[in-house]
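If you're matching them up, the sequences are chains W and Y in order. Going letter by letter, the first sequence gives residues 599 to 751 in the numbering used here. Going letter by letter, the second sequence gives residues 2 to 780 in the numbering used here.
No lab work stands behind these hints: they were computed from the structure. Hints may contain errors.
Stated by the list, open to error - Distance condition first, Cα-Cα at most 25 Å in a straight line; then the derived PhoX-like pairs of lysine-lysine: (1) W:LYS682 - Y:LYS225; (2) Y:LYS774 - W:LYS723; (3) Y:LYS659 - W:LYS723.
To be verified - Here chain Y is said to cover these stretches of chain W; the calculated rule only asks that three of the stretch's residues, wherever they fall, bring their Cβ under 8 Å from a Cβ of chain Y: (4) 607-619; (5) 635-645; (6) 679-689; (7) 697-706; (8) 733-740.
Where a beta carbon is used, it is the ideal one built from N, C-alpha and C, also for glycine.
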Amino acid sequence: MISLNINGAMRQIDLPGDTPLLWALRDGLGLTGAKYGCGIALCGACTVHVDGEPLLACVTPIADVVGKRIVTIEAIDQDPTGQKVQTAWLNLDVPQCGYCQPGQIMAATALLKHNQAPTDADIDKAMSRNICRCGTYPRIRAAIKQVATEVKS
Amino acid sequence: MNMPEMPTEIASATDENLSIINVSRRSFLKDMALTGFVLAAGFPSLLIAAESAQPKKYGADAMPHGWVDNPLVFVAIAEDGTVTIVCHRSEMGQGIRTSLPMVVADEMEANWLHVKVEQAPGDEVKYGNQDTDGSRSMRHYFMPMRRVGAAARQMLETAAAQHWQVPVSEVKAELHQVVHVKSGKTLSFGELAKAAAKLPVPDRDSLRLKQPAEFRYIGKGWLKIIDGQNIVSGKAQYGIDTRLPDMLYAVVARPPVLGGKVIKYDAKQALKVPGVVKVVELKSSPLPADFNPLGGVAVIARNTWAAIQGRKALNIDWDHGPHAVYDSDAYKAELEAAVRQPGKVVRNEGDVDAAFKTAQKQITAEYYAPHLAQAPMEPPAATARIVKGHCEVWTCTQAPQVSRERVAKWLKLPEDKVTVHVTLLGGGFGRKSKPDYVIEAALLSQAMHGQPVKVTWTREDDLHHAYFHTVSLERLEAGLDADGKPLTWLHRSAAPSIASTFGPDSKHQMPVELGMGVINVPFAIPNIRIENPEAEAHTRIGWFRSVSNIPRAFAVQSFVAELAAAAGRDHKDYLLDLLGADRKIDPGSLSDVWNHGESPQLYPVDTGRLRRVIDVVTRESGWGRALPAGRGLGLAAHYSFLTYVGVVVEVVVDEAGKLSIPRVDIAIDCGAQVNPERIRSQMEGACIMGVSLATLGEISFKNGAVQQDNFHAYQLTRMDDAPRDIRVHLLPSAEYDAPLGGVGEPAVPPIAPALCNAIFAATGQRIRQLPIKEQLRKD
Chain W
599 MISLNINGAM RQIDLPGDTP LLWALRDGLG LTGAKYGCGI ALCGACTVHV
649 DGEPLLACVT PIADVVGKRI VTIEAIDQDP TGQKVQTAWL NLDVPQCGYC
699 QPGQIMAATA LLKHNQAPTD ADIDKAMSRN ICRCGTYPRI RAAIKQVATE
749 VKS
Chain Y
2 MNMPEMPTEI ASATDENLSI INVSRRSFLK DMALTGFVLA AGFPSLLIAA
52 ESAQPKKYGA DAMPHGWVDN PLVFVAIAED GTVTIVCHRS EMGQGIRTSL
102 PMVVADEMEA NWLHVKVEQA PGDEVKYGNQ DTDGSRSMRH YFMPMRRVGA
152 AARQMLETAA AQHWQVPVSE VKAELHQVVH VKSGKTLSFG ELAKAAAKLP
202 VPDRDSLRLK QPAEFRYIGK GWLKIIDGQN IVSGKAQYGI DTRLPDMLYA
252 VVARPPVLGG KVIKYDAKQA LKVPGVVKVV ELKSSPLPAD FNPLGGVAVI
302 ARNTWAAIQG RKALNIDWDH GPHAVYDSDA YKAELEAAVR QPGKVVRNEG
352 DVDAAFKTAQ KQITAEYYAP HLAQAPMEPP AATARIVKGH CEVWTCTQAP
402 QVSRERVAKW LKLPEDKVTV HVTLLGGGFG RKSKPDYVIE AALLSQAMHG
452 QPVKVTWTRE DDLHHAYFHT VSLERLEAGL DADGKPLTWL HRSAAPSIAS
502 TFGPDSKHQM PVELGMGVIN VPFAIPNIRI ENPEAEAHTR IGWFRSVSNI
552 PRAFAVQSFV AELAAAAGRD HKDYLLDLLG ADRKIDPGSL SDVWNHGESP
602 QLYPVDTGRL RRVIDVVTRE SGWGRALPAG RGLGLAAHYS FLTYVGVVVE
652 VVVDEAGKLS IPRVDIAIDC GAQVNPERIR SQMEGACIMG VSLATLGEIS
702 FKNGAVQQDN FHAYQLTRMD DAPRDIRVHL LPSAEYDAPL GGVGEPAVPP
752 IAPALCNAIF AATGQRIRQL PIKEQLRKD
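Same shape as in the complex, but just chain Y:
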């Protein structure tokens, strides 16, 4: 995910902020400004002032460079009938290169068999925002892409009508041709291509979008993924696969600790390795880390293996800098201390303290979730060359425009002298939103006088130098009445913030992070206080698929199960009672000023939709069925990225404490489903990633450096331990004009709590610290 846009009035509170925004164009510092003084000052007087000055923008309108719906930008028709549709979002497994062009093809009545998809380079002025994160691609581009297709269709129809000299009302585009309905005459898209291209693009207001009943592809889910054939034959090109004539291969030895730098190095032995061409120092940048390359010593060679061997032969003295103190065990104790003291109040309703005094029972629990690395199977990689002052880059990036801007800045080139070609991504999960590795490639090509250089990150590099998912301690306290119902709820959440990566560390979370399942819990509890104690960052904190929702869903949804158990009630019934009557809640009333960057009117928090996914997933999974000893069902439901997901996990824990997961049911309400088949695959994948992080995922630090080198230490779930049977239940909706929810991220957060709740049901053992690892072992 990326940071949301906030009104610039807030950000421009200081000139310093403004200038940085103009450089970065992204809004990290704007958010920090909001966190820093708006919330500290109570409630957003500044925000209200800003809003009155200019209407606040939401959704795609609020993203850098907004959206574009010009068919001439996205569609080209060749005279042989081939329709080329541009995909400007990055493909990383979510299927966007299939789903977005499919929307265009459907509206324009193109035959998918004659559609080719072309990947856009980084150019947001031309294509609109390209930051592929935040579960936004379909949410923000479904309507613009429908308009692109509809406009193209209307241009083809007009061209045909003009050719036949009949009113346009008498012609109709139908599966790659235009038909004159009365006479039955037809002209193919190819035959019409030239004439249609000369016509003006119809006004947005004159576009006739299809009725859902007319859709051929949208909502059907029967199109195969566009890159399937290339993938299964090994032809698909990822960033790491780029090959250019005379290309050199580089790996970089980076400072092991954030903020570290080279004191001195000796390259003699490295240069003796056959194939090594050159050793180059890359300067380290001062903190904050931002998207800057980390610096270090690069070994440039004739092949990747020689570069890796050369790096091993380097002798480097490092200055580790101030973060060499970072130790995950000690830090956990710091977080524990932090959440046991009052912290900055970020939401406050009723009188929590008074209600605790009248409560019959008080329950307290603390939940710890460690750092994670995204670990996409394709590690970061980028290739750059500079020819006559023009830098061309080929890379696997979620942020092509940001990559372009940053390369331009580092090479001191105007932006139009930088081209960023986007390859397929071998996974992204947020890591590839940060273009530090892209800048490295450009700098290394520059060091080689423009010769093409590919920088490949080894797995060790990827794990040591990720932008890590935060580490967090969530403390929850509830006071229950005589019926076991919560009267009062206190949640203290301490976690280093993503903001620290981009500016001075306020030690507090941004609205973006608070709005991911801490302050926006929609429970019907009269007294609620949410606090955010300080937590200092010692590494690059970044976004990982579903971001802060992971620890929050783990804590909140585990805690609700604990309360249900304390009250002696069924977890599902208890959870539904907590949600209360179906209602649409203004996120602002929950102190959530962010709301995933979307309009609070279009996207209220709808507890009815959350209840429905709980109803569906419990019904489909057979909630309440009798199970033998050692088996259990666990439930969790979480709202994130404007989408509602309910999960029931079934576990078996054997006598030795070995965990297996025979079945998971997932119900999702993301609004209308554009490509149900890829939604299902995202649910399956999110489930397995959720299991992976809950059971195995942990990055830890010692003396400031990451302790996990490769997949033996940072383990990922493999087939034998993956859930055997994942059943996805898509809640039906045909409201294609209603706002869509996200799909890529929202199923990750509820997996860990549902799993831990199932373990509790099976064994009575409550997991409050992730990962589970060996906590269940009895032998």
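Okay, chain W solo, but in the shape it has when bound:
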């Protein structure tokens, strides 16, 4: 049994320590907000926060995150920046199919927590790990800038 701090609560998981966090969240705990897209750290759909840093859950064994603070999309509204990001996403109708958007929102929130006025180059760097097949990139960029503008004013 492995204990993990997920979204502020201690959760018990009866899975081997080498199980990727993604599958522990999705299949073990029913937290399906983090998505499977590639399984080998290529698409960002599984992005979660571990101790405030964006991390790809599909290649992170649960044994490696014991004792760390894990935050998933399901609880990102408890973070003031996360909530602003969600609001901007809704304001601009960013999602199309929406499948990659939890990962996009986790990546954008992490970016904006560290950098309140990201340049286009900063946004490219932080967001290019996340693939969107529907092609919502222009709106993702605009939403990130909207949050940054709000924070500034």
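Fit chain Y to the given chain W structure using the hints.
Structure of chain Y alone, referenced to chain W:
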């Protein structure tokens, strides 16, 4: 997209066809029949005979199970006032769960704040056709949904009038209540719900549809997408997210080569993986592939990861079958050889050969476009359970009814013992029209005695076993007069056909495929011949967003730019000259018997509309403006899915040959715009998908198997390489009674040629083979 319906008389030319149609109910074989003998025989004598026997159906009328506009099927009003509107089309990012219910809500005067949307299960007898592809949902359901809303409104008004005992002419529905105009009395929709539900549904002829000036939501584009909140909070449920009590998780090792099968396998090591419950062989079906599961060996486990680990531990000997010869490099050479010889003539006007003899200049070019995989971010996934002889499925499908029929057939259950619940789709792009994965889930649940089983496709599975976009070679030859104007035009198009997936491989394209930008080019050229040489299929060919339009627009719109350059003329002026005077062309006169399944009278090819999108997009993009070295503008315009799209791409190619795309302008004329906001998002998305496939997209085969395993090898455009500034120009139209065009697909095809034309303008380098990949690199 799905195959169109053709008159059944044609299809029933043989009993064999008829029986298969009755099973499949879809029309793949009907089309094959049409391709096979109608076109081969010259022109459609058979078709004419069929038409005289029975009027040909078009549009939604011609789709399996047609359309339904009964308000009792689509609308429910609760006493608390909540209006529930059913969406029977699948949501995959196009916004249909917002846009169709919005149409109903508008006509019935419902307040969107009190509207809930419920997703219909697969049941076309009840809801009408549910195949969510072909850019058809709004095109086919705008009017039925308006009637649903209008009928509901009139029932509420009648209920109120009866309550007040006043003539119905004195009452009016207004934003979730009915008002008695004289007295100012009101009754809310909730208060009227019970009484209204008891009234008869008004006759279709008695419905009063709103005037466009009365619309609250239609054409406005200010409603937020209905699933937005669930999406941004991670609560939205996709097929892969399904969880049921006692559910098991499966992945399947499928034959690497189409038509392959298991010789023997050893599951010992797999069964030792913690969490693995069972290993099950799934039989492979004989070809053609159809929607059948591919077979293989399934590993069923207590979680997805254990199933994946178990699969890795399997030891399987495969019989790869006859398609193990498939090699993309060799195949390209075959296609080249094919287009350098005469092929089956599919359109012929004037005397092309004679005109070549009088031409001042002859230009020839060949364009290659590879296989593509749809690669939706959510790979295929389905969950099934069987309880007391009733199979329930939860899945991300574009084809809920077809899924239901196929599960019923495979489990040997009557259709009413199968329920297919439709989840959100994490992208579809045509892949999820094919229910092979849904059948897998049902078979695996059956193997577990009805216990719920979710089958998840890994990304590798998705790329290895897609229904691939075709691979094609387009050869174009033109003879120019002294002014550089084409006198004569010869296009040979060779590509394996979707028909091969569903029947014997005729090696020729169907009317559906020919009608996607090969035969229906509306150019004013006196001598035109289109030929379709043979191309044999070696994998499952399927439809990918915008289908055969992709390679055709790439070839034709690149070639026009090449001709303009050869003639020393501005590309835009040259393209407009080729279109000639504004006119509405009968698609039949272009030998296009398909016309996207729509009436040639309602939907002629309108060159004036194509000219207008070119005018708008060139004006808005500043066509002709001076640009520094290494920068260029490229133009393309393409008509598909009854919609006209013009694109100007601006590129920068630096000294090392690195490509970037600062700006794209897109002008679209799709007729009246129901939800302009989602049209814009579809244009942005289609642009980025178009860039992605043009710059990076390629699936290739070696020894019959796909060479790309995951996103490192099958790359998709990421934010840093996406166009920075996409400007969408919607051509205004308020003609809501006029036929609508499609939106989901038609902006993809013109992107690749506009991009390649821009690269030519910037560098002088002409791209004739997709993807561009490293072709521009100088270092």
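key: Cβ contact check, 8 Å cutoff: the stretch 679-689 of chain W against chain Y, three residues minimum   = holds (count 3)
key: 25 Å limit on alpha-carbon distance, applied to hinted pair Y:LYS659 and W:LYS723   = Between Y:LYS659 and W:LYS723 the Cα gap is close to 17 Å, so the pair holds against 25 Å.
message = So is the stretch 635-645 of chain W in contact with chain Y by the C-beta rule, three or more residues under 8 Å, or is the coverage claim wrong?
response = Check passed, 7 qualifying residues.
message = Check whether the Cα positions of Y:LYS774 and W:LYS723 lie no farther apart than 25 Å.
response = Satisfied, since the Cα-Cα distance of roughly 21 Å is no more than 25 Å.
query = At a Cβ distance under 8 Å, does chain Y reach at least three residues of the stretch 733-740 of chain W?
reply = Since three or more residues must qualify, the claim that chain Y covers the stretch 733-740 of chain W holds, with 7 doing so at under 8 Å.
message = Taking beta carbons only, do three or more residues of the stretch 697-706 of chain W come closer than 8 Å to chain Y?
response = holds (count 5)
inquiry  = When I compare C-beta atoms, does the stretch 607-619 of chain W have three or more residues closer than 8 Å to chain Y?
reply    = holds (count 4)
query = Keeping to a limit of 25 Å between CA atoms, is the pair of W:LYS682 and Y:LYS225 held or broken?
reply = Given pair W:LYS682, Y:LYS225 holds - Cα atoms ~17 Å apart, limit 25 Å.
Hint compliance for this structure: no hint is broken.
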